[in-house]
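Residue numbers (this note's numbering), protein chains in the order written: chain A, 1 to 407; chain B, 1 to 389.
Please keep in mind that the hints were generated in silico from the structure rather than gathered at the bench. This structure is a prediction, so every number in the text was calculated from the model and none was measured. Hints are supplied without guarantee of correctness; some may be wrong.
Claimed, not checked - Cross-link-like lysine to any residue pairs, in silico, SDA-like; alpha carbons within 20 angstroms at most: (1) K167(B) / D83(B); (2) K180(B) / M360(A); (3) K254(B) / G270(B); (4) K297(B) / F129(A); (5) K180(B) / Y235(B); (6) K180(B) / E285(A); (7) K150(A) / K121(B); (8) K358(B) / P347(B); (9) K228(B) / G239(B); (10) K180(B) / T354(A); (11) K232(B) / S284(A); (12) K53(A) / G69(A); (13) K232(B) / W293(A).
Claimed, not checked - Per the computed footprint, the stretches of chain A lying under chain B, defined by three or more beta-carbons under 8 angstroms from a beta-carbon of chain B, are: (14) 135 to 148; (15) 151 to 162; (16) 273 to 282; (17) 297 to 307; (18) 360 to 370.
What the hints assert, rightly or not - Here are some chain B residues pointing at chain A (derived, C-beta under 10 angstroms): (19) F41; (20) A43; (21) S67; (22) T68; (23) R133; (24) H183; (25) W207; (26) E229; (27) K297.
Here a beta-carbon is modelled for each residue, glycine too, at the ideal position from N, C-alpha and C.
Single-letter residue listing:
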Amino acid sequence: MVFADEIEGNGALLENKRVFVVGPEKILSASGLSSVRSFERITAGNPADLAVKLARYRDTETGFGWGRGRDRRTGYFQYLMTTPSEALKGLAALPLATSNSATVLYTDEKGGLPAITDAYIWSQRADWFVTPSEGPFRHFWVASSTMSYKAQSRMDFSVEKSEYPSLGAVALGPLEALIIIFIFLGVAGGIFIMVHSSYTLPMVSSPVKIAWTMGAMVLPILGIILYFNAYRRPFYQEDGMMRWLRPPNIQSAAATMMGFGYGAPLMIAIAYLLAYFGFPIFFSEALNDSVFWLGAGMPVMMIIMYLGAIIVAALMVHYPMKETMMEMKDSMLIKQSLRMTFISMTLVSLGMMTFTWWFMMTHLPMMPAEDDILWFGTLWIASFTGFVVAWPFNWIMIRKNIKHGNR
Amino acid sequence: MVTVKNRFILAILGIFLTASCGKSEGPPMRAGVPLQEEANFTAYTTRLPGGDPETVSLLVTNTVYASTREDNAVGAIMITPMDEAIAFTAMHRITHMPVNAPLLFLGKDGRISDRTFSEMKRLKPDGVMQDQRKQVYAINIPESEIKRIEDELNYNVRTFYESDPVKLAELLDRWQAAMKADHPDEVVISAVDHPDGIKHGMGAMGWNAHMGRGFAWVYTDSIPQATKEILKRRYGRHGSYVYLTGGSDVISDKVAKELGEYALVRRIAGDNVFSSNTVNAGYKDFGRNFGWAWGWKPRDFGWGLAQAGHNYIFSNADNVLATIPTSVLGHMGKHGPILLVEPEELPQAVKNYLEMVKPFPANPQETILNFGWIIGEITAKSPEMCKWR
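This is chain A alone, in the form it adopts within the complex:
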């Protein structure tokens, strides 16, 4: 290493060497480097940016630079945090990292973390695949009299090891990134159907349009495909109502959507409320041994989701729908609504609950909380699974004339 004001006297030392100039032009101008034949400048707009750039930099030919970028998930890295005005103090502390040299990073002068440094530290969060006791880990030394506790704790939190699928709270894991796309496509599809149907399908009743809209929200891409397949068909009138000529599989998809469109979002909403307020659990001695699961949080949540969705969907949706379409006694209408909702919800739940259980309880290393993207993702994919499972069963019911799929 040669300091800027020592270049002239060290011409021989720099001869035939690959030279890296660290710092901006205003500190070390090109004219000051006239004796150096060629060099590569590593610079940035301010010390914090430059420190991060140096942390990431690596020249593979000469081996110069840390190369501690986002993808280096196997390294036991040490870092030394200091404030630019206390940089010498920071350099004096470097021997603390005796065996694995520390990369210097800067706080800002007020004791906080510059955005670039904050983002870089987040990128250094290590993930675990089997257990958090596996390496690697990062270690930070702080040599600053001004760094705030809040900044220190944020830094500490940034590098807390987390499981691979979600990379922990705040961070965005690979599975979460896919889930965001999945949910976005669903919501966009739902909004599209809502707008499209309101302009192009005035003859379709609102509850049916709402079912398609909400159903498509939790059925990304497939919802839109089925919607067009269901309504881009010849239609006719029957008993004053519009009917569409559909093949049996599309009829069964449309019939599934009527229950699913209300049931799945309702179950997600109920699950969210239960997660927000905490799952009720029971563990008295009476619920011991083989029936312990009756008091366990997940089964209790699933039972409440299932029953809640049946009751709300039957009374708030199916009953009013049937009331407008059929002339029957109230008790008969309620009975029929409950029966149909029970069948729909049971079929949807079959896929939805099974997937939720498998994904949350056995596949993910940590059960996500209600404020995790993974929580919504699980429920979204579970709903999708629920539809796919319920669809063939509805095909059978269409064949047996228990359900209708031409509305």
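Use these hints to put chain B onto chain A, whose structure you have.
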């Protein structure tokens, strides 16, 4: 008019954003343990210099949980009297996720001291989603103190009252099963009536605080009914897999044989308490548990650390009560097992183990690191510890 409306909307947004930011209680100075002034360190070790169990428990929560935001706060707080067997049992079964609870102590006068109470306030537990958002798990805490927690801190408390640690293990097993809808098939078993029973099991307790497996007590020469109940609940291939902490002088062969009726029996044992814990640090048992054609669940127990690149917690073997809460250091952060040591020197078993896991330069850029937490005053530990790499 439009400007007024916009300002009104901006004001509402401002209030909403300010309110949703939340606030932390600031650095842990309020707990009365000025960590930043007292902690001392070497390149590879940091000492938490508490002497008594309460101070250690506070230093540990100061260190692990910054509580400046929901995500680095505790899930809940566990509080027990200063009773080794009760605290040990609670740490085994409550600490791990999803609870994420460090251990604090009730004072010997039956009251929560001011500094522990302040720390409870600072920790701002998030509440356990899987258990009605409980924020405090109080084991054998007087009702007057529970009321104080509820009234003054407004925390949601779950109480457990069971003075017999054997029965407490059974009660916590039922509660855990309700929370996780499962009974973990791996069960650690320690001797409640042996003077060194807890010391032999300290490291395995650290594993449970980290991984949330089962725990039960036995007597040196017999199995209590509550423990039989715990084991009967398991439906693994061999019922359950039990790990006895200590040799046959701690848990007799007769008991091991009887346990064989309920489980596949393993021992995590050395010649003394130090080697039992180094064996635990290197111990790994994995393999068959149960399975079907399309799904299977292997058993997987133990740290299995036999190479560099890990973290360790060093604590004085005689300071049992102060060592128990430190297992949180193995549950968060760099993680790692507890190794018991003597005040003046490293026991031979620990020396041998550390020799095995000594780091070496893998390449010029990536030396694998070890790290150690040292628990206790400098007078209670030899300076030799601080030179450890």
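Proposed interface contact between S67(B) and chain A, which counts if any beta carbon pair is under 10 angstroms: Holds, because the Cβ-Cβ distance from S67(B) to chain A comes to roughly 8 angstroms (cut-off 10 angstroms).
Within 8 angstroms of chain B's CB atoms, at least three CB atoms from the region 151 to 162 of chain A: coverage verdict: holds (count 7)
Satisfaction of hint between G69(A) and K53(A), Cα-Cα up to 20 angstroms: Holds, because 9 angstroms separates the two Cα atoms, which is no more than 20 angstroms.
20 angstroms limit on alpha-carbon distance, applied to hinted pair K232(B) and S284(A): This hinted pair holds, its Cα atoms lying about 17 angstroms apart.
Within 8 angstroms of chain B (C-beta), three or more residues of the region 360 to 370 of chain A: holds (count 6)
20 angstroms limit on alpha-carbon distance, applied to hinted pair K358(B) and P347(B): It holds: about 16 angstroms lies between the C-alpha atoms, which stays within 20 angstroms.
20 angstroms Cα cutoff - pair K167(B), D83(B): 15 angstroms, holds
Hint consistency between K232(B) and W293(A) [alpha-carbon to alpha-carbon, up to 20 angstroms]: 15 angstroms, holds
Coverage claim, chain B over the region 273 to 282 of chain A, checked by counting residues with Cβ within 8 angstroms (three needed): Three-residue rule met by the region 273 to 282 of chain A, so holds; n is 7.
Per-residue hint verdict: W207(B), partner chain A, C-beta under 10 angstroms: OK, holds: W207(B) within 10 angstroms of chain A, min 9 angstroms.
Supplied contact hint for A43(B), tested at 10 angstroms Cβ to chain A: 5 angstroms, holds
Status of the hint placing F41(B) at chain A (closest C-beta pair under 10 angstroms): Where the cut-off is 10 angstroms and the nearest Cβ of chain A is about 8 angstroms from F41(B), the hint holds.
Hint check: no violations occur; every hint is consistent with the structure.
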